[in-house]
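*Asks:* Chains as they are written, first to last, in the numbering used here: chain A, 1 to 287; chain B, 1001 to 1325; chain C, 2001 to 2402.
FYI, nobody ran anything at the bench for these hints, they're computed from the structure.
Note that the Cβ used here is the ideal one computed from N, Cα and C, for glycine as well.
Watch out, some of these pointers could steer you wrong.
[Said to hold, decoys possible] Chain B residues, not near chain A, derived (Cβ > 10 Å throughout): (1) PRO1104; (2) ALA1211; (3) LEU1312; (4) ARG1317.
[Unchecked claim] Under 8 Å between C-beta atoms, here's a sample of chain A residues computed to sit facing chain C: (5) ARG57; (6) VAL121; (7) ALA123; (8) PRO126; (9) GLY132; (10) SER207.
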Amino acid sequence: MASPLPQVLLDGLFAGGTYALMAAGMALILGVVKVINLSHGAFFTLGAYVAYALAGRGVGTPLAAAPLAAVIGFAFGVFLGKSFVNPVRSHPFALPVGTLACALLFEQAAQMVWGPHPLSVAAGAPWIGPGGLVIRRWGVIAFLSSAALLGGLKWVLSSRPGLPLRLIAEDEEIAGSLGMDVEAIRYLTFGGACAMAAAAGALLSPSGAVTPTMGRAPLLLSLVVVIVAGMDSVAAIFLLSIGLGIFGNACAWFLSPQWSYVALLATVCLLLSARPAGIVALAGRRD
Amino acid sequence: MRDAAPSRAPKVSLRGGTPPARSPWRGGGWLAAGIGLLLLFPLSSPDAFFLDVFTTGFLLAAFAASWDVVGGVSGQITLGHALPFGAAAYSCALLTSFAGWPLPLAVAAAVLLAAVVGAGIGALSAPLAGPFVALLTLALGEIAHEVAVGHTFFSGPGGYAWGGEGGIPVALPWRDASPFSSYYAALVFLCLATFGMLLFARSNSGLILRAVAGSPITAQASGVPIARFKRLAFTVGSAFAGAAGAGFVLHVGRATATDLSLELSFQAATFAAVGGRGTIVGPAVAAIVLHVLFQGLSLPPSARVLLYALTLLVTLRFFPRGVAT
Amino acid sequence: MTKTSGSLFRHHPFLIGSVALFLYLFSSALLPAPCLAASLPDALKIGVLAPLSGPYAAGGTSFVQAATLAVEQVNSDGGVFGQPVTIVVGDTQGRVDVAKSEALRLVSREKVSALVGAYLSEETMGVMEVAAAQRIVLVVPVASTAEITDKVRREYTRYRYVFRVGYSIPQWAEMIAEFLSDRKIHRYAFVGAGIRWNLELGETLERIVAPRGITQVYTAYYSPGNPAFDTVAVAAATCSPDIVILADPGRNSVSFLKRLREAAPALPVLSIGGALGDARLAASIPLSAPIYVQAAAWRGVSLAATAYVERYEHRYGAPPVGYSDTLPYDAVTVLVAAWRKAGSAATEAVVPVLEHGTFAGAAGAYRFDAAHQALWGTGPGALHGTFVRWERGGARIVFPSR
Chain A
1 MASPLPQVLL DGLFAGGTYA LMAAGMALIL GVVKVINLSH GAFFTLGAYV AYALAGRGVG
61 TPLAAAPLAA VIGFAFGVFL GKSFVNPVRS HPFALPVGTL ACALLFEQAA QMVWGPHPLS
121 VAAGAPWIGP GGLVIRRWGV IAFLSSAALL GGLKWVLSSR PGLPLRLIAE DEEIAGSLGM
181 DVEAIRYLTF GGACAMAAAA GALLSPSGAV TPTMGRAPLL LSLVVVIVAG MDSVAAIFLL
241 SIGLGIFGNA CAWFLSPQWS YVALLATVCL LLSARPAGIV ALAGRRD
Chain B
1001 MRDAAPSRAP KVSLRGGTPP ARSPWRGGGW LAAGIGLLLL FPLSSPDAFF LDVFTTGFLL
1061 AAFAASWDVV GGVSGQITLG HALPFGAAAY SCALLTSFAG WPLPLAVAAA VLLAAVVGAG
1121 IGALSAPLAG PFVALLTLAL GEIAHEVAVG HTFFSGPGGY AWGGEGGIPV ALPWRDASPF
1181 SSYYAALVFL CLATFGMLLF ARSNSGLILR AVAGSPITAQ ASGVPIARFK RLAFTVGSAF
1241 AGAAGAGFVL HVGRATATDL SLELSFQAAT FAAVGGRGTI VGPAVAAIVL HVLFQGLSLP
1301 PSARVLLYAL TLLVTLRFFP RGVAT
Chain C
2001 MTKTSGSLFR HHPFLIGSVA LFLYLFSSAL LPAPCLAASL PDALKIGVLA PLSGPYAAGG
2061 TSFVQAATLA VEQVNSDGGV FGQPVTIVVG DTQGRVDVAK SEALRLVSRE KVSALVGAYL
2121 SEETMGVMEV AAAQRIVLVV PVASTAEITD KVRREYTRYR YVFRVGYSIP QWAEMIAEFL
2181 SDRKIHRYAF VGAGIRWNLE LGETLERIVA PRGITQVYTA YYSPGNPAFD TVAVAAATCS
2241 PDIVILADPG RNSVSFLKRL REAAPALPVL SIGGALGDAR LAASIPLSAP IYVQAAAWRG
2301 VSLAATAYVE RYEHRYGAPP VGYSDTLPYD AVTVLVAAWR KAGSAATEAV VPVLEHGTFA
2361 GAAGAYRFDA AHQALWGTGP GALHGTFVRW ERGGARIVFP SR
């Protein structure tokens, strides 16, 4: 290998894909249901456990586990959306706290079912690219599926079947007066986004360890992406996620791995305080 | 189904609740009764453990109330409120153990530092709106936590490091404080701090802050210097959080990275959501009740976490604005 | 006006409910106290403190499982002084305030005769204060900070109730250094979670191995919050060390090892701190290069260790990882052996026995030095620990080669 820098940046690209995968579902919920969903990481964990359980029963590939995880995630998501999120959503402060409680509930349930110990699904060998570049299999899958998911989201939102979603995001009173079942669309959207998180968790389960609290780590940076980029611009979510991933790895490489997270967070703070008007203007359309 | 949709269009906004229109001393009877019960409680000769749980509960209650000054009264949802709490805790520990300052001086400096930290957070977040305040404070809190976990100080004689996940001890002039004196000290501190915060919330500044929380544009149009008042809210709330942090570290004897953690910030926001945002007393009462219920009854760990999460969900489902509102 | 009074009335039930709750709490605190004082405990109790919820629950759970196993073993041998021994568990949640409070509960309410715990350094420091104030024996299994033994050395009369069964950082470094020499390793990389005990262990190891001609060619720590695995793995491989020492007791060690295997499949790894001693985890990592695990004891190092591992596997369905379970097991075993030798569970009788006696555990014979630190390391009579290597069929002991 000539210089490890291209490798580090490529890995950053893949890390960004993971953030985007989480951020896509959160952005959909924030846009349509207008709720910050802090239980999104729990659905990611749920998907990973589904993949682990299937791997133990001989289903080797997480690609097969993803649809099952999505169905389970959808069912739980619709239940949560219908019984908690919809009734409480006119109180924007109760919801992040409530969804956080859901995440706690799930983490504890997972610990009771599968035990607190880290579990692992075999990762398989990576592909070797030109110049000895290591192309991590699960990194590629994260990157491609996040691109596909966000592309699909953009397509749905701009096409005819996505019209109700856009209308509700824009003005729910008009949507209601046009005869749309706003409540149902909300909990179905919530369920759909949760299904996306669970599928992502299943897909990425081999890349690390599966533990009850594994969903906490990617949540924070995805939250940063979603709040800064908003739902209006799907491309912004993708680019921001990828940018954060590459920037984080570059910081780790050039500065120090121990402080790369701090550098990332400090950059977010700087961006927020240096360009409040720009970012607020971007978000203003959503508000 | 469509009829169930709330009529007033709920846009996503994390701004403050409506200012409660009520006389300042309403509910004072209940409060006095509660304080009376808490004052009498140690006479029922509880064991040291139960007193310890209450002591911690009082300090967390003061912390939750101080969150409410920022997050409730002035509507600036902060998710980094552990930062002034932990900053005061760490400076208490560092000033007494490293610099050898006398404790009262260290505590005063710690509270002052927390206020300065709060003013800084306020200055940074004043131009921001809604969820961006939450994001900025979250990021600032995480930075402080990361530094506390990853940074070590070398202490002289022992040859081992201080800091990191092991934390830093506080050099206390007393040893093995009696659980009774800790209990009463924390209770007195909580009453004084809550009284101070209530005074602030009901002062002119507090009223203006409620107006800023309700509608920043209206407030600005009426000539209110919004940025200055937001800084004020952060400064006052953080000073009280710092006082709670100093009290906490005196009780526990050690400043650790959990004093700066996101979990602690979320905990304060949770108490406020359950107790009722903007009421100061509500979050404090919620903190005591929830803490004593879930730490004091020595439930099995898994049952404790499940019950805690379910209690939050059920409470927020039926009292989405908090039980006291 | 009517609206306000209406809402007050509406919430009366809650207020009444909360007052009722408080009254219940008072009565529950009131009633048991006289009963406890009146009756003598009919069993000897050991208080076990470990995190059972939250991010450290994995280590804490195996901690409590092993302690339970040790007590069951004691009771099947007839108990102590003809009485059965029971354990009472406190969940520390990974927080020093909760650890202190739970320690108080075990001592003041459950009337335990001794404490075993806690898991993290900061929890242990908090529990140590409770043990000192209440004059009760505390046996520390895993927390490795030098602050514990330093306090015993400096303020012996206050902290003489505290004994550490697990290895200190210099002892740990000494065992690793011996292993590196034995494997003829000259260049190593030290990576791990960016927390205090790792930073200390990395520095101590570098100092200890220098005279042996072994150099540290790369060192990096990743933040536990958002670990930069990729960069550390790539950079470690670039320095071409003979081995990578991975210091992380948690789940991140698995994630990091997977990245390292992708970045440098032929690089051997030594895992310290436990997590990779789990056979199920090791099975998911490619064995393209050796994976070594450092443990306090392993199946096959002695009869006692083999018996312990088999009982553990039989009881919990999976073998122990050799660190966060084996050391708590030995902590309970040593404590009970000291009770038997002292003929009493009274603190003042047990402390001198622990100070001067030798106690058999799964990892070998424990003796304590003046700072109440168990003797681990490479010296004569010290506990050696063990290093194993994962292979297709399971783990093989590679060091010490006996």
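*Asks:* With reference to the structure, classify each hint as holding or not holding.
*Replies:* Going down the list of hints, with the structure as the test:
1. PRO1104: Non-interface label stands for B:PRO1104: nearest chain A Cβ at 33 Å, farther than 10 Å.
2. ALA1211: At roughly 18 Å from the nearest Cβ of chain A, B:ALA1211 sits farther out than 10 Å, so the non-interface label holds.
3. LEU1312: Since the minimum Cβ distance to chain A is about 4 Å, B:LEU1312 lies within 10 Å and the statement is violated.
4. ARG1317: Non-interface label on B:ARG1317 violated, nearest chain A Cβ at 6 Å vs cutoff 10 Å.
5. ARG57: 15 Å, violated
6. VAL121: 6 Å, holds
7. ALA123: 5 Å, holds
8. PRO126: 4 Å, holds
9. GLY132: 11 Å, violated
10. SER207: 7 Å, holds
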